[in-house]
Amino acid sequence: MEVFATALPALGDAWALILQPIVLGYLVLGVVMGLAVGVFPGLGGIAGLSLLLPFMFGMDPILGLALMIGMVAVVPTSDTFASVLMGIPGSSASQATVLDGFPMAKKGEAARALSAAFASSLFGGLVGATFLTMFILIARPIVLAFGLPEMLMITILGLSMVAILAGRIPLKGVAAAGLGLMVGTIGEADAGGSLRMATYDIPYLTDGLKLVIVGLGIFAVPEIVSLLRQDRSIAKGASLGAGWLDGVKDWFANIWLSVRCSIIGVIVGVIPGLGGSVVDWIAYGHSVQTTKDKSNFGKGEVRGVIGPESSNNAKEGGGLVPTLLFGIPGSGSMAIFIGAVALLGSGDIEVGPSMLKDNLDITYSIVWLLALANVVGTILCIAASGGIAKLTTIRFTYLAPFLFMLISFAAFQSGQNFEDLLALFVIGLIGTFLRRFDWSRPAFLIGFVLSNPVEKFTNQAFQIASFRFRKSFSEGMEYVFSPIVIVLIVITVVSVILGIRQAKMIMAEGDVQAGTKRAPLVFLLVIMAYLIVALVNANMIPDYNMTDKIIPLVIGSVSLFCCVILLIQMTRRPEGDAIFADKEIAGEDASAPHGLWSTLAWFASLIAATWVVGFILALLGFLIAFFRIRAGASWQMTLILTACGIGFMCVMAGALNRDFPPGLLQGMVDLPWPLK
Amino acid sequence: MTISNFTRRAVVGLIAAAGMAAPVAAEVDFSGKTIEWVIPFSETGGSAKWANFFAPLLSEALPGQPTVVVKFMPGAGSTKGANWFQEQEHDDGTLLFGTSGSTQFPYLLSDPRVRYEYNDWIPVMASGTGGVAYLNPEDGAKFDGSANALKDTSFIYGSQGATRLDLVPLLAWQMLGMDVEPVFGIKGRGDGRLMFERGEANIDYQTSSGYLGGSAPLVEAGQAVPMMTWGALDADGNIVRDPTFPDIPTFKEVCEATDGCETSGEAWDAWKAFFVAGFPVQKLAFLPGDTPQEVVDAYTAAFQAVTERGDFADISSKRVGKYPVFVGDGSKSALQTATNVDDNAKAYVLNWLKDSYGVELN
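In the order they appear, the protein sequences are chains A and B.
Going letter by letter, the first sequence gives residues 1 to 676 in this note's numbering.
Going letter by letter, the second sequence gives residues 677 to 1038 in this note's numbering.
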């Protein structure tokens, strides 16, 4: 009761602060800006917030908070557009949405998928805020109960979702996840600084690959290439079926799923250090496990959209707990948010423990501004979804060059290197082949996303555990097997067992026909070759840096072992067995009018031209050539579309104060922006 | 020349220069231009906070009130951005570059990735910070101003890496004879503090602002006991109590009180050299090496005007800490102090890194 006595007046104060017309005006302004920024996949909140920072200095705190929160809150909502319509995972929060959202768009149900996603987002945001209002008061000890072993177990729970998403041949799924984990270890190790599959001569690799690039490469590039080859619209037959009202009804019919996933979102979001990388996969896994008829997952099951989308907005609310109470940002945008809060007003608001004691009204304002921003953002998004869904009826050849433009720009923003584009292409190639041979791409991505947390938490938990065991055996056991850990182990084991049973029914790539032995076998051998090289490379790390080599060695060996078994199976099974799945044998890809390589060559040409003349000039040539030659458009049409593309790029990049990739030309001559 | 002599002279110059740098009315005009302040870290770090604090103030103070935007170029622990800046030439004075201790340390330790040379650049502003180490209450009770009673305890410390700023606390604890085992792979000091709060680590350190925001409340609540600060430098280059924490002894005092720890000799000189490079002169703002004098003067005058604002002490203490900001010649001396470590100190640290953590930087 004592808790209520302090909470209720503060909550009242918070509402009094929020419900001023000018505050609401700033909130709406922030939301609109956030939506505009959110259309750029992979840029989102960080770019937007950086843009606002200069204005935060000395600003009235509540106005500044309204503006910033408005912007941050809608990014996980607005990036759903890219996930559902184009199959582009806008951020780590919307990866799982792609799995069922994009197939729905292909079926002509884009509006339905979008509105179901938005309704879920809205609801998740509200559930999150309600939960937080109470929880934030007692959150500190609970957050502190999550030590390294607990975080490791949550990461492993996330990893166990591979079982569900492994596809028809579980071994292939495990190997794909292992490969993802191994790709995630590329670069300088966190612990000892050893280099893995990298050299100081190629500085780009020492930082490792960025999630944005891997997400775009694994999901977006293969889909764009495949659709482009088929030369059709995203929605088959270019017609739109179910409308936005159906999506809202779908959400309402699955409201309890939405509630559960929202709670999952808040709880995982609350734990610092995990952030959004696991939550949507756990929510997706939960959605699959609680659905009776699982046959539609991966082919456009609306529950596969509702689950992750309910969780990812709730997660933003949960993420406020570590941010506000501990001053530890749960995500990149939250980190800027912390920095910006210090600039507000007279600088009196300092995130950290004092937020509860001295600034409880501000804390509550933040929580409910976030919820309110969700409402505003969602209403705007639902209103727009019917119209934007029409994009899926356009002939894809007219969309593809713009998508290549967008993903190249997004990739470049992650590291501001030309190598970002190369990496995008190479990962895109890997993604294309994973898709072709029915290796689970979600499993690969889960592996990649969780590679760093798995390694970090394992090493650190091991180090502290051995320290405790040295003190006494019981102290060590107490540390490693806390009640939370035991509960998580049980959940993980159950979900793996259920997952393996159900995996065969969930075909993320659709029903892929099997064909001849050669192509799948060659791909397997290439993967094995990479694993062997990576293993040898890891083994060369000196033993005193055991923390840097143990994870790549173990994971690499397990993956290689899976590959060896697959190899044996491949040699013994007849052609036509499911193990030889190959999209080029039959189906949409096989009957496509355009070849894989010639289509990829278009993308490659954009990157190669960028290397020579810089992005904007390369884009100019690329768009003109593509519309004229590939799309067969008239000169008039070509020039209009090209001007639109370049204009859009320049306006957005100019507003966000971003650069374009420079080429050799820019190294020799000084050109004015945007050419520089 | 020994390191302490050098430091003293540099600091004397630095303090003197900071006091009398006379702003000259320059004929440079930035009207309508956009100044890019490039930070070789991500949007989320302390350097971002630092640059974002100064950017709007600088914009007001520069002739023509240009827009100052902060740009981020993270990579390879700031070596990527610094290597990039090394290649830049003066264009129209609209490029400013910021570095931090994490840029200084790889340079001092001859990291193979370093392709930049501090002496090629023109510093226009420098600012510093301090640091506080603290213990959990149980071990804190054993702390009596010396580390004598702490030598039998095993400590765990969440660390960002032995070659980073954490070199300073790790070396200090080792000199005190304490058994501190670093758990590497922490992403920021905030994560280290969280590890301490969870009881997984039992010793921690924070820079001044981090301590004030997150750790001081722990001390008030009896969940942490401050042990020592790294100290601050006086005009003679001596380590004195940190003005932000006058009640907490410095490492120097604790070392003097502890058996077997000496405030002279090569270990001490090495520690002090890296402390000076990492804390009192932690962050610097640079112009490219070939920038004409009048542009340099314009920036110097602008930063001078910023530090002379009536409210500067007030707004800066809350956002970047109560530490001196050096401009003009002061920042030059500061740079000298921060980037010159004598070969013995360097060799000692390289050797210590190799023996204790197996780190070899070549």
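In short, the hints are calculated from the structure, not lab data.
Hints are supplied without guarantee of correctness; some may be wrong.
[Said to hold, decoys possible] In silico SDA-like pairs for lysine to any residue, Cα to Cα no more than 20 Å straight-line:
hint, chain 1, residue 1, chain 2, residue 2
1, A, Lys471, B, Arg874
2, B, Lys1008, B, Lys1030
3, B, Lys747, A, Ile338
4, B, Lys747, A, Tyr544
5, B, Lys1030, A, Ile338
Structure-based check of all given hints:
Between Lys471(A) and Arg874(B) the alpha-carbon distance is near 18 Å, which keeps this suggested pair within the 20 Å criterion. In summary, the hint linking Lys1008(B) to Lys1030(B) is not supported, as the alpha carbons are separated by about 32 Å, beyond the 20 Å threshold. Only pairs whose Cα atoms come within 20 Å are accepted, and Lys747(B) paired with Ile338(A) is accepted, the gap being roughly 18 Å. Restraint check for Lys747(B) and Tyr544(A): the C-alpha separation of about 38 Å exceeds 20 Å, so the hint is violated.
The hinted pair formed by Lys1030(B) and Ile338(A) fails the criterion: a straight-line CA distance of about 37 Å is larger than 20 Å.
Violation of the numbered hints given earlier is confined to hints 2, 4, 5; the remaining hints are satisfied by the structure.
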